[in-house]
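Q: Residue-level listing of the chains:
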Amino acid sequence: MWWSHVLQQGQFTNPETPGYVGFANLPNQVHRKSVKKGFEFTLMVVGESGLGKSTLINSLFLTDLYPERIIPGAAEKIERTVQIEASTVEIEERGVKLRLTVVDTPGYGDAINSQDCFSTIIAYIDDQFERYLHDESGLNRRHIVDNRVHCCFYFISPLGHGLKPLDVQFMKAIHNKVNVVPVIAKADTLTLRERERLKRRILDEIDEHSIKIYHLPDAESDEDEEFKEQTRTLKASIPFAVVGSNQQIEAKGKKVRGRLYPWGVVEVENPEHNDFLKLRTMLITHMQDLQEVTQDLHYENFRSERLKRGGRFELLEVPPDPIFLLLQLALFHFSSQLSTALP
Amino acid sequence: HYYCRQSESIGSTLLGYIGIDTIIEQMRKKTMKAGFDFNIMIVGHSGLGKSTLVNTLFKSQVSRWSSGWGGEHKIPKTVEIKAVSHVIEEGGVKMKLTVIDTPGFGDQINNENCWDPISKYINEQYEKFLKEEVNIARKKRIPDTRVHCCLYFISPTGHSLRQLDIEFMKHLSRVVNIIPVIAKSDTMTPDEKNEFKHRVRKELETHGIEYYPQNEFDDDMEDKNENDKIREAMPFAVVGSDKEFQVNGKRVLGRKTAWGVVEVENPNHCEFALLRDFLIRSHLQDLKEVTHNIHYETYRARRLNDNGGLHPISANNTQESNL
Numbered sequence: 001m002w003w004s005h006v007l008q009q010g011q012f013t014n015p016e017t018p019g020y021v022g023f024a025n026l027p028n029q030v031h032r033k034s035v036k037k038g039f040e041f042t043l044m045v046v047g048e049s050g051l052g053k054s055t056l057i058n059s060l061f062l063t064d065l066y067p068e069r070i071i072p073g074a075a076e077k078i079e080r081t082v083q084i085e086a087s088t089v090e091i092e093e094r095g096v097k098l099r100l101t102v103v104d105t106p107g108y109g110d111a112i113n114s115q116d117c118f119s120t121i122i123a124y125i126d127d128q129f130e131r132y133l134h135d136e137s138g139l140n141r142r143h144i145v146d147n148r149v150h151c152c153f154y155f156i157s158p159l160g161h162g163l164k165p166l167d168v169q170f171m172k173a174i175h176n177k178v179n180v181v182p183v184i185a186k187a188d189t190l191t192l193r194e195r196e197r198l199k200r201r202i203l204d205e206i207d208e209h210s211i212k213i214y215h216l217p218d219a220e221s222d223e224d225e226e227f228k229e230q231t232r233t234l235k236a237s238i239p240f241a242v243v244g245s246n247q248q249i250e251a252k253g254k255k256v257r258g259r260l261y262p263w264g265v266v267e268v269e270n271p272e273h274n275d276f277l278k279l280r281t282m283l284i285t286h287m288q289d290l291q292e293v294t295q296d297l298h299y300e301n302f303r304s305e306r307l308k309r310g311g312r313f314e315l316l317e318v319p320p321d322p323i324f325l326l327l328q329l330a331l332f333h334f335s336s337q338l339s340t341a342l343p
Numbered sequence: 001h002y003y004c005r006q007s008e009s010i011g012s013t014l015l016g017y018i019g020i021d022t023i024i025e026q027m028r029k030k031t032m033k034a035g036f037d038f039n040i041m042i043v044g045h046s047g048l049g050k051s052t053l054v055n056t057l058f059k060s061q062v063s064r065w066s067s068g069w070g071g072e073h074k075i076p077k078t079v080e081i082k083a084v085s086h087v088i089e090e091g092g093v094k095m096k097l098t099v100i101d102t103p104g105f106g107d108q109i110n111n112e113n114c115w116d117p118i119s120k121y122i123n124e125q126y127e128k129f130l131k132e133e134v135n136i137a138r139k140k141r142i143p144d145t146r147v148h149c150c151l152y153f154i155s156p157t158g159h160s161l162r163q164l165d166i167e168f169m170k171h172l173s174r175v176v177n178i179i180p181v182i183a184k185s186d187t188m189t190p191d192e193k194n195e196f197k198h199r200v201r202k203e204l205e206t207h208g209i210e211y212y213p214q215n216e217f218d219d220d221m222e223d224k225n226e227n228d229k230i231r232e233a234m235p236f237a238v239v240g241s242d243k244e245f246q247v248n249g250k251r252v253l254g255r256k257t258a259w260g261v262v263e264v265e266n267p268n269h270c271e272f273a274l275l276r277d278f279l280i281r282s283h284l285q286d287l288k289e290v291t292h293n294i295h296y297e298t299y300r301a302r303r304l305n306d307n308g309g310l311h312p313i314s315a316n317n318t319q320e321s322n323l
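Chains as they are written, first to last, in the UniProt record's numbering: chain A, 1 to 343; chain B, 1 to 323.
Derived by calculation from the structure, the hints in this document are not laboratory data. Keep in mind that this is a model prediction, so the values were computed, not measured. Since no wrong hints were added, every one of them can be taken at face value.
Computed cross-link-like contacts, SDA-like style, restricted to lysine to any residue with a CA-CA straight-line distance of at most 20 Å:
id	chain 1	residue 1	chain 2	residue 2
1	B	K33	A	D218
2	A	K36	B	R28
3	B	K29	A	D296
Please construct the entire structure, taking both the sequences and the accompanying hints into account.
A: Laid out in structure tokens, this is it:
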């Protein structure tokens with residue numbers, strides 16, 4: 001194969017202009033297929049009980065993901081270990097389908113001794129990777145379901161002076177497996193100054209402990225100024241300090257989502273009151289990137305570690321022959337089929 | 001282990017606008033930036049205007065016989081595979097187009113198994129992709145050299161398909177997307193053309209040759225309806241040209257004869273425009289997807305089945321690829 005120099009065709013506005021081939025229509029073809037296929041996204045939420053996680057999730061997607069909630073009492077909570085609850089909902093907007101799975105982790109941090117409370121969560125994340133690796137190595141790949149966790153919102157209590165030891169330990173344990181987005185919960189307990197101080201404190205501690213949180217990519221040079229400004233604002237507001245609410249309150253003559261206090265109304269969607277809108281904007285505009293980082297970084301890390309560990313065969317130090325690797329994968333696939341399936 | 005509770009609800013109603021549809025726009029921007037690869041193979045004996053047609057399709061000198069090569073078209077002794085890549089840009093979309101020519105095909109006295117080098121090349125590209133895919137440290141974007149489309153040129157004899165045409169398409173239609181075209185169709189009158197097309201289609205059917213778009217891969221009713229119309233109009237009878245002439249005050253691509261100008265893009269003269277719209281404007285992405293999701297997967301499954309299974313591997317066991 002040899003390359004020729006880049007042949008430039010001018011920008012054509014009239015499709016029937018001589019010189020117009022028509023492959024500029026390719027993005028539309030891709031678009032049409034994407035709309036038909038729809039998207040899958042898995043969001044995990046982790047944090048102690050009572051930090052407003054469920055309320056926030058409902059607010060984010062303007063849908064009631066948890067319609068019948070029974071809040072367990074303290075006695076019940078002590079005995080429980082961390083559970084994994086996955087709820088899937090299909091949302092459609094302007095013809096685009098999103099299959100959203102929210103993975104809740106009730107029981108996290110509730111026990112008196114929270115020493116081991118996140119091994120369950122890590123096992124869940126790894127299991128989704130394992131499942132995907134298995135499917136990807138299999139024979140029938142037409143309908144692989146992607147249940148890998150694309151993003152984890154970690155809820156930090158606004159009552160402390162920064163990160164707690166549990167917060168640090170947990171984030172360090174999962175930052176190489178999932179995109180971590182730290183969120184300051186129930187931000188209406190803080191004044192604006194206290195909020196800024198807490199944010200700075202948290203960022204310092206994240207740095208100090210070398211915790212890798214999800215980094216928003218910088219806006220590309222060819223994006224418009226508005227988008228660039230939006231990206232800058234988002235980056236400057238991390239970690240987001242949010243308030244959630246399912247109630248509509250009357251304020252300034254209109255109905256808003258908010259919390260009614262004797263001293264005023266906290267409006268969820270008011271950017272001056274909290275970062276809720278920023279969190280939502282970040283999630284939606286970066287959904288694709290979150291999936292890509294999960295696929296290209298976290299999943300590939302898992303996969304290479306897993307393959308190196310191997311099923312029944314140890315890989316040689318010498319770079320393996322690709323056909324040997326293929327055999328390895330095939331055997332990995334068949335031997336996994338023989339082992340017990342996940343409950 | 002752990003207990004995992006799953007719940008599912010369909011068709012949740014939203015209580016406001018979130019912006020999920022903007023995800024499509026994000027994807028579109030990303031794919032546009034990344035650019036597209038498209039690999040097209042042209043097969044047919046010499047003199048059928050293959051190179052001219054490809055140049056006409058992409059409105060650039062993309063085939064082997066670009067102006068830099070000089071006029072000599074020597075017929076090689078065996079079938080050769082010659083791939084040439086160009087990057088072309090249109091409306092902000094960059095495409096790396098690779099045209100794979102197969103000189104020598106059908107030109108020998110004895111053309112038995114002359115499709116073997118072609119089959120080998122196609123499978124080699126699948127193998128290359130597979131090797132990269134199973135690598136421990138694999139590339140983020142695996143370079144795609146697989147043949148997405150094979151344009152097969154039928155000689156406009158006016159009678160029927162030749163034995164070689166049938167054999168080639170039978171062997172290769174299960175391995176790659178084949179789009180048969182009737183070359184140099186300006187040698188036939190409209191009636192002769194219709195009769196020939198009809199006869200060719202019947203023969204393809206008789207021999208069970210599934211050309212692209214294949215019936216069995218229609219995704220849904222919408223696709224099926226659209227593709228049915230296309231299948232019934234195939235094979236497209238085309239004319240290629242890279243010369244422009246003045247007709248009725250407009251400049252058109254065509255062939256000037258003593259009795260008139262054959263206009264390449266005039267649907268009354270030939271079906272070039274139909275082929276172009278079908279190949280480039282509506283089905284380009286689908287050609288790639290069928291190659292990846294069907295043909296490549298078939299190859300991969302065969303490889304896994306041949307080499308996998310539960311027999312132990314000995315140190316001397318070297319498997320040869322099915323090339």
